[in-house]
Amino acid sequence: MRKLIKLRVNGQEREIMVEPRQTLLDALRYDLGLTGTKEGCGDGNCGSCTVLLDGQAINSCLVFAIELDGQEVTTIEGLYQGGNLHPLQQAFIDEGAVQCGFCTPGMILAAKALLDSNPYPTEAEVRLAIAGNLCRCTGYDKIVRAILKVTAA
Amino acid sequence: MPEYSVIGKRVNRVDALAKVTGKALYGADIILPNMLYGKVLWSPYAHAKIRILDVSKARALEGVKAVITAADVPGQKKEEEYPNPMTCCLTREKVIFAGQPVAAVAAINPHIAEEALELIEVDYEELTPVIDVLEAMKPDAPLVHLNSYTQNLPTKDAKPSNIFWYMKNSRGDVEAGFREADIVLENTFRTQTVNHGYLEPRAAVVSVDPEGKVTVWSDNQGIFELRELVAEFMNLPLNYVKVIPVEIGGAFGGKSHQVVSPLCALLSQKTGRPVKMVMTREEVFKTQRPVAASVITLKLGVTKDGRLTAASATMVYDYGALYGMGGMDIVPFGSFSGLNPYRIPNLKIECYDVYTHKAPSGPYRAPTAAQAAFAVESQMDLLARALEMDPLEFRLKNAVAEGDTMVTGTPFPKVGFKETIERMRQYLAQRGNLEGENLGRGVACGFWAPASGAAGANINVNADGTVALVVGSVDVSGTRTTLAQMVAEELGIPFENVSVVTGDTETAPFSVLSAGSMITRSLAPPVRQACQDVKDQLSQRAAPQLGVDLKDVEFAHGRVQVKGMPEKYISLADLARGIAHFPGESPITGRGLNKGFQLSPVFVVEVADVEVDKETGKVKVLSYTAAQDVGLAINPTLVEGQMQGAVAQGIGWALSENSIFHRGVMQNATLLDYRMPTAADVPFVDTLLVEVSFDASPFGIRGVGEPPIVPSLATIANAIHSATGVRLQELPMTPEVILNRIKHGASSSRLMP
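Chains as they are written, first to last, in my numbering: chain A, 403 to 555; chain B, 506 to 1258.
A few of these clues could be false.
[Claimed, not checked] Examples of chain A residues toward chain B, derived with CB under 8 Å:
hint	residue
1	Pro422
2	Thr425
3	Cys443
4	Ser450
5	Glu479
6	Glu527
7	Leu530
8	Leu536
9	Gly541
10	Tyr542
[Stated by the list, open to error] According to the in silico footprint, chain B covers these stretches of chain A (three or more CB under 8 Å from chain B):
hint	region
11	411 to 419
12	434 to 442
13	454 to 467
Keep in mind the hints are simulated off the structure, nothing from the lab.
Every residue, glycine too, gets a C-beta built ideally from N, C-alpha and C.
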């Protein structure tokens, strides 16, 4: 029942054997070793596993890897390339938007999806865009400020 | 205040880069060769006898490597020794809460482990559970523990009881105090069971080597507490268990206990392979220690000119089926924190901790204090209204200051309560009044006293003059960063030259659990002492080379220099280089050790502006401001982050979060149905840092993380009252409840002459 699929992950072609019930989240974490994507609930309610699928922010726990043959996935590891931080990563550090860090990868990717489609969002638009990404440490204050800082730059 | 160069600065967190790049390793990220996956069979009943427990079919399933029950536990106590923490790990004859572990499985993958659980045959004889805390207090209630007598009574109880802890604080003559009052108000307030809501589910990886030594990677708030638990469970001496810390994805008190690590240890011992367990969110909700619900009846008396004369309170906390690890959270801190902010000459507070057949409660950010403050600060708001007095003016009039007596009878040291109220008043004066339909402003105050405990610190000086600080405290709130700031400050070196590591239980000096807002405070004395030790050793090398006395050198800019002659110096790098030579100079390691010291009183004042939609009952929090006496903020960004996070948790507790039980089983165990605030539910949270130095702590720090949640429940309730005229005395204040009350009115508040 296992099937070979091709994914373009963080700009690289990867081939993996997946079982039908395997989620994209498990494929990333366990087959590709990309443990930066986190599992907080496994049923699409916390956003910790957010990745970009063909540029759209999705919960990787809710899609089966087997359905994604030929598609493009960006994980948090893909934003840090050649020693350069993405502006959102830098803003999260500078604004103190990181506490326990468990929601951080998903939060940054959700924010990236927003800024890619709407480079100058309002505060309300930022809050709505990350409303599917729970954070329990920060009260979202510094996260929203970090995202708005990137839009202002 | 002394001038600092690194203390008080907004340096970036030392762990931030690893976290924004996804490189930080949490428990679930640990993968070992040949690893097995564990799963737990939890009791589906709140109260039942186990008639038959048969694991033979599960053991026979292909891919299953071990199945364990209580019969396999080497260190387990007998059932009659209830309550003991071991009962939380695997139960023997009886289950006393839904979510109690009955058996555990290790298999080659998680799917087979799950299948194996379904093959375990358990015949339960369901017994009547007692779920409601007030029912549980009645003399004829079913007993959660058959041989548990109320502790801390003046005389021993005649028979066993679900009330396992009684506490009384009193002073003066309460009846006389109420007679002296012009207004006396009595109300009952209830808070619900809530959850910590940490984003990272509990996880552990455990490997037992051929010698029988156990190595644990897990997300506990204390590596030494976890070592003790695993050792006790496995019946091993402490040097046979090593706990290696990992990053922790949120804790808030909820990771100060463990189930999965002991079970993994036993499964690994049985199989000779590493075993990993990662809980599902449903398991976290149903089996991990939620937050004690409460029923608090409070009577307050006040004179016409706004002076409190007397208070009496009965506080009941629902602890579920067991109290916590180490017995610390048996103490209902709310019983003395709630009324501590005010000078009340006559008071009587009686407090009861009660067992019910629900998952055992655990500590949550200022445990039991927010519940008490919800009652006290709601009542203070009602009294201010009755007196037609500004709510902050009323509190200021009764606020404690240095020398006043705490509820516990000891005098307050220097506190910044009045300063914090004044700071908030200035802020509100600048901001102006809130005017408009359906809008309301709420104010509340809170008290909490961060603790401190035993801890050590080692500092190793590297051959290039950089240093490494080794501590045993797990970083749950940014303490690696604040401790590194202290080292940089004390040694006069750049912040970047300090690395901080939480060692494992064999390489790091002991540290108290990372809880109680106490790590920065508990580690500050040993870190300072270790720095002094390093400086002494470096001075002895530098002074002869500089041709001066020991007392004439100072540390600044990464150098040892002559006081008054900064051009005469030796760099730390030059002093330390010899360590790496062969034959070399002796290494330089500083050591600091400290036991705990006095509690530091912290006061918080919070204000919320809300809008209540009278058609739907929905509350929108328009703005929120928290003012807190922090003593001194080692890193203001981190302090603000703690305050903002606590406020968001408080808003969730007040408005939407609620564990709903049916026969003791949580019914809404998902993050969809258990509604925590999202970014769209909370506003920016303004923070006002008041710095009234606490002289007993290094740098004057008071501890930060827990206090800001304390006033938040009442702040929101008081704001809703302002907006709607409706007083809510039970949480959560959902749209349904609010709408119902707006339509049907009827406050249960009793105003007495």
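How the hints compare with the structure:
For Pro422 of chain A, the interface hint is violated, since its Cβ never comes within 8 Å of a Cβ in chain B; the closest pair sits about 12 Å apart. Interface hint status for Thr425 of chain A: violated, as the beta-carbon distance to the closest one in chain B is roughly 12 Å, over 8 Å. Restraint check, Cys443 of chain A versus chain B: the minimum CB separation of about 4 Å is within 8 Å; hint holds. The beta carbon of Ser450 of chain A is positioned within 8 Å of a beta carbon in chain B (closest approach about 6 Å), and the interface hint is therefore held.
Given hint, Glu479 of chain A at the interface with chain B, holds; its Cβ is 5 Å from that chain's nearest Cβ, closer than 8 Å. Annotation: Glu527 of chain A was flagged as interfacial toward chain B, and the flag is violated, the nearest CB pair being 10 Å apart, outside 8 Å. Look at Leu530 of chain A: its Cβ gets to within about 6 Å of chain B, closer than 8 Å, so that hint holds up. Given hint, Leu536 of chain A at the interface with chain B, holds; its Cβ is 6 Å from that chain's nearest Cβ, closer than 8 Å.
The interface hint given for Gly541 of chain A holds, since its Cβ lies 3 Å from the closest Cβ of chain B, which is under the 8 Å cut-off. The interface hint given for Tyr542 of chain A is met, as the beta carbon of that residue sits about 4 Å from the closest beta carbon of chain B, less than 8 Å. Under a criterion of three residues with beta carbons nearer than 8 Å to beta carbons of chain B, the stated coverage of the region 411 to 419 of chain A fails, only 0 such residues being counted. Only residues whose C-beta sits within less than 8 Å of a C-beta in chain B count toward coverage, and the region 434 to 442 of chain A has 7 of them, enough to reach three; the restraint holds.
Judged by the Cβ-Cβ criterion of 8 Å, the region 454 to 467 of chain A is not covered by chain B as claimed, because only 0 of its residues qualify and three are needed.
Violated hints, in rising order: 1, 2, 6, 11 and 13; the structure is consistent with all others.
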